[in-house]
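J.: Chain by chain, the residues:
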Amino acid sequence: MSQAQERLSWLWIGLLALLGMALIPFSQWAFGINYDYTLRNVALGGALLGAVTGFIGCFAVLRRESLVGDTVSHAALPGVAIAFLLAGRQMSLLLLGAAASSWLGIQLVQGLVRTTRLKREAAMAIVLAAWFAFGLALLSYIQNRADAGQAGLKSFIFGQAAAIIESDVQLIGLVGSALVALVVLFWKEFKLITFDIEFARADGHPVNALSVLLSTLIVIVIILGLQLAGVVLVVGLLIAPASAARQWTQRLEKMVILAAVFGALSGGSGAVISALDADIPTGPMIIVAAFTIVLISLVFAPQRGILWARRRVAPSQDA
Amino acid sequence: MAAIEYALIQLLLQFTSTEALNAFLRDPRHVAAMIGALIAISGALVGSFLLLRGFALVSDAISHTVLLGIVLAFLFMTAILGLEADLNSPLLIIGASAAGVLTVLLTEALSRSGLVRQDAALGLIFPLLFAIAVILVSRFVEDVHLDEDAIMVGEIGLAWANTTSHCLANCQEVTITPDHPQAQMIRECTNCLTLGISPRDSRAEFALSCANCGTYSPAQAWRQGLVSEQPTLVFWPKALTTSALVALLTIGFVILFYKELKLAVFDPVLAQSLGFRPALLSYGLMALTSLIAVSAFDAVGSILVIAFFVIPPAAAYLLTDRLSLMLIIGAGLGSLGAWLGYDLARGSFLGLVELSNLLAWLNSVLSLQLSTTWDVSVSASMVLMIFFFFLLAWTFSPRYGVLASLVRRSHQRRLFEDQVVLRHLHNHSAVSTRDEECSANTLHLHLQWPTLKTQKVVARLRALGFIRQEGSVILLTAQGLRAMQSFSQKYLPQITHDDP
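Protein chains in written order, with my numbering: chain E, 967 to 1285; chain R, 12 to 511.
Looking at chain R on its own, in the form it has when it is part of the complex (with noise of 0.2 Å):
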């Protein structure tokens, strides 16, 4: 890992300073977006495909039992191996995938045995496991910052803070020993204590021990003034590397597997038929929701890792009909809300709106005594934002959106009316009956339409040259009669004419 980063950095530098570096990933908004739309594009990626196969809930049940995983894999290493605890260790990860694994297995068995539906297989299982967790956390688990609490809510505001740091240039690491120059050195007395004696009783022995000796890596040397030459440091944020290397890992399987995953989850029984495997494929998918949903915990915690499992894709399913585009649509989606979520938490809604004016305005409105500042959760902005696009998405997409399927849909009627009105002069043409039948005034009769309606239909059609108007009499034109025979062969080719 560190490695990896050392590789990046200076590679970054080959454009840049270190102190602009520095600068730039001190700032926590650069960093928070950077992580954001990283894990935005590996949720997205991942969850078009469990959106596809029906599997959205399922991101939701893992991403809560992967806390078995990482507690078992915890005490497995604490408990059996006798490690130190550690919250970064691989084995962790394992865990938690392999726990993710475990509930699709599990809830698929559990299903198979036809006693109970998947729905309610999965809210039996997912359930269960992290009852379990939860016992085994407070059962065994003690002094380690490990709960339900902080895996279910994580803040990706405060990730530049937590950082690995790089050295450059001037890199000593100073060892003190007791003979070097700047050891400091003091005197103490060894059997003080034991005895009861103070320091100035005849009976006291005294030793030299060194206050300051051990190693310093080189910030620390620099921060002791160890070492009069400033080390050239960067520091490096530790949840952008990991958050990054998911990402990778992510976008290589789906472009590795692209076809097969294409294959599975439009026609699962042609993949198995195929021999692709397709069980064995959603596996890996799930192992890689588990994958991303851990490292996603100290950003944006448990539960708001859906929101980009689901979200993004959902709202490019409602935009685009092409998979490879839908892929596309919500990786960019994501990273947008991701962000534009910085601002809204910090008060500022694309900057058209500031929330500190708008509780401000409730404050006078509903005489409330609300806080102004609106200093809120990054993570829980940035999926704010993310479902603002996906209800832009919902209300504008020009093939399915809720807009065009009303206007659709009044156009629909439209022309409805005007065959029906159409239909009905063509019906009632013979010069016996249409004084009677299609008279404007009494034409609304006849349909069982109210006045008004019958008159906009009317005007319409008129505009249109469909029909006109003799007398009280309204007759079709030649036009008219070619409109209403071009939506008879397209839309009701049962119907014969017998027309003259």
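Isolated chain E (complex conformation) (with noise of 0.2 Å):
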């Protein structure tokens, strides 16, 4: 690719960025949106969580792990089920203990493959059943305390967008932030073990910490997804934004940009929509808005999009 055309591609993805943050002015002048203080966060909230998730997403959906967060997100119960028993409801102790289950479970599942035939999707699907399956009973031994407190424990497995708070959304920016200078500061590495994982080992590079560590963020990510989106949605959030991504580019940086600039919009969009109807719940609609880039990414795309391989096939017909 010419050096032009790179600029340009660059160009659209920033006008396409720029066009998504111009969503706020208009809905407010289209549909006079009231950006309140809960809509402000769970706007706010969305549009970083989307943006985080679609930049992780995309090394899910290369290393063909999109559905490692199915297992992340449903492992995540006995641990703030354990949390809140040891510490009562405290937000970062609870996030912790979600994440250092999901941790563990995920590695069982490399182990489970690694010294078993089994195949990981069901090295997957036995990590996930059981870990959930241990997070209910807890769950359930919670419940018949006397003392209530438990309220709302559940909202943080099915997610529960308007229950966000500010400092959620500061949380989900500072880490998210993290997360995306680590990416950035191990992007030659992440990017070999992702394309080509048998030359990374040949040359040397510690290829089990590395994947250790990738799978790491892809935890704490999704981790961070759960109160906004819940178990099942969150495995949308991560791997949506990044098939559509891929669909316009071939090269790993610009399918990460536009993967986050993807997913910020969907999570944005996802939550104004939702404000428009109080029966709208917030982490489906972001669900089907990031569905629908999909969507528009799968027919349109050049190159690969399904009306691209029209207009290729046809002439070849004739011929």
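These aren't lab readings, by the way, just hints derived from the structure by calculation. No residue lacks a Cβ here, since even glycine has one placed at the ideal position from N, Cα and C. Be aware that a few hints might be false.
Stated by the list, open to error - With a cut-off of at most 25 Å between alpha-carbon atoms, the simulated BS3-like pairs for lysine-lysine come out as follows:
| # | chain 1 | residue 1 | chain 2 | residue 2 |
| --- | --- | --- | --- | --- |
| 1 | R | 273 | E | 1085 |
| 2 | E | 1220 | E | 1157 |
| 3 | E | 1085 | R | 270 |
Claimed, not checked - Listed below are several chain E residues computed to face chain R (Cβ distance under 10 Å; list not exhaustive):
| # | residue |
| --- | --- |
| 4 | 1051 |
| 5 | 1196 |
| 6 | 1206 |
| 7 | 1268 |
| 8 | 1270 |
| 9 | 1272 |
Said to hold, decoys possible - What follows is a set of in silico ranges between Cβ atoms, one per label pair, in the way DEER data are often shown:
| # | chain 1 | residue 1 | chain 2 | residue 2 | range |
| --- | --- | --- | --- | --- | --- |
| 10 | E | 1171 | R | 492 | 44 to 52 Å |
| 11 | E | 987 | R | 415 | 55 to 63 Å |
| 12 | E | 1080 | R | 372 | 44 to 52 Å |
Combine both chains into one complex, guided by the hints.
T.: The following block contains the structure:
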């Protein structure tokens, strides 16, 4: 690709991001949406979260580990419950417990794949179900207690966007930037283990340590998203922006930036659309928005898109 | 459904009394264990094929997307057909099965386009369908217990309480009409409310109305004291019938299509070329998966049901290489887990560990204030029990277990060490070099091994009679030479021997 084309494509991405930001004044003007405290938090949180999940999700999708998010999100439950039992309702500790328990689950998946003939996805399903069962057992144990301080523990699992407060948004922003910074720091290594793990190993890179680091980042980003989207929908948030971005470019640099923009767009617009009607839940709306972007990308993307493929096939049939 | 239950009850009463049967069915443990075992059998049979085809996570996706099928069928039923809202309608089950198949169809279409890989395709489709379902529920469904939470979390420990009553004797329905002797007639003021007057007012008009008129089922009639003889009733848990029917259907499907399923799993290309239509069979499998998932919602919820699909077959897969055995072991382990899970939920782990003691110990060690009564979700405990069996299989399986492969590996390591030493001694057996190369004091230098390791291997070989020592020089015995040669013939056939 020539340098001019390269510059042009970055320009397009920038333009798209600007367009996304212009949605805010546009929605105020066209639909009379009032950006009150709650909506500001939800929309900003959704956009930030979408950006980070999109960014990190690219690696999950390219490494054919898209569904790892499913296991991670379900496996968080026992950690949340144990943290609650030990320390009560402290958001930071709950998140820490969630991350620790998901992380252990992922390590067990790796262990199962390494030592048995079970396939990766079978191992993921086993860990998902077993961890979730342990979490449910603990949750029902907590619910039997006299003090009813457990209110809201379930919404942690099923996601409740409206409960997002300013400190949550700050947390997403802070942790998200740290994650992105880490990825940028290890950019070359992550790129290598994503595309050619055998070469990376032969070249003497600490492939196992890097894989663990990358899966840890994925765990953290999913735990961040649980509160907003819930265990099932966060899977979509991890995969959809990355899958959409993959259609538009062949380069990893552009793919992650584009995925971040797509993620932010779906997170923000999903939150704003759900504000139009009290009966539309935010998490699911974000997923629908993200999938709309995927659909547009699948159909219209140059080179790979379905329309493009049609155009390419048609002349050859004539000949 | 009721007819089947009735016939079954009649059959059971040939062997037992009504009282005993009712007492048996009133025990939450029996009912939970039976339903759990039935779900485990259906799950393991279907799950084995899913696991072998690499579709383990598809069961997870399906168990979530059936929500969309249920919601759409529900909306179709209430909004278009104008029927009463009924969560037990067969229409919902049809909708759910269709949604399961749709999930697979969409995923396959998306991954066949080549734009998205298969895992990503599944990860795109099922959150989307689930999201649409959640939006539809919160937007259009009101006043019905149909939500995410109700479907994701079930409780098998309560299944015994949701029953259909079957009457066996003294079964009169009682219809009370106003002229029935037991009718309770009351004089009611018909215009007091509209005129705003008291019943004593002279303008008040009265009419007789019947307070207890209507039709009473035998059970209700007995409870209201309308009949003198107690009807003989059997209370049959509803979930028992559903899960039994689904299990029968699954067993029938697997027996009927066993050959075809086996072929489709192990050699789909051959199955295709023989005209077996493996694709059609796999949609059948997916429909069955959805059906099992839906029927298990009340009992175990949509996430835990995955455990019944995946974990028992996975444990069986680590124990056997035969498909038929895998099916049987999987179903057996699942049922056993369901049976023992009830005790775990009530705080006893296989009767070995009392969890309340464990909690008390945790309290004293970590100075916590945890409640020491462990009384938790039965369905979750069943899954934990099944997972425990999986861990056992993983650790102790004679062929694929962790321990077995550790033993195998250490055996291989020893064999290798022995052969290294034997070959070294053999290569340097010429008298000129052997004092230098084969001395017990310097052997470790030539092998570049730690001293301790060298001593251990030498001691082992001497005990085997493969080597002997003359002074400080170690020599190969005839037995040792034979051991080396037979190893070479077995594992290193390409090495030619120019032995004397």
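J.: If a hint holds in the structure, say so; if it doesn't, say that too.
T.: Each hint tested on the structure:
no. : hint                         : verdict
1   : R/273 <-> E/1085             : holds, 18 Å
2   : E/1220 <-> E/1157            : holds, 13 Å
3   : E/1085 <-> R/270             : holds, 24 Å
4   : 1051                         : holds, 6 Å
5   : 1196                         : holds, 8 Å
6   : 1206                         : holds, 6 Å
7   : 1268                         : violated, 13 Å
8   : 1270                         : holds, 6 Å
9   : 1272                         : holds, 7 Å
10  : E/1171 <-> R/492: 44 to 52 Å : holds, 46 Å
11  : E/987 <-> R/415: 55 to 63 Å  : holds, 60 Å
12  : E/1080 <-> R/372: 44 to 52 Å : violated, 34 Å
Checked against the numbered hints given earlier, the structure breaks hints 7 and 12 and satisfies all the rest.
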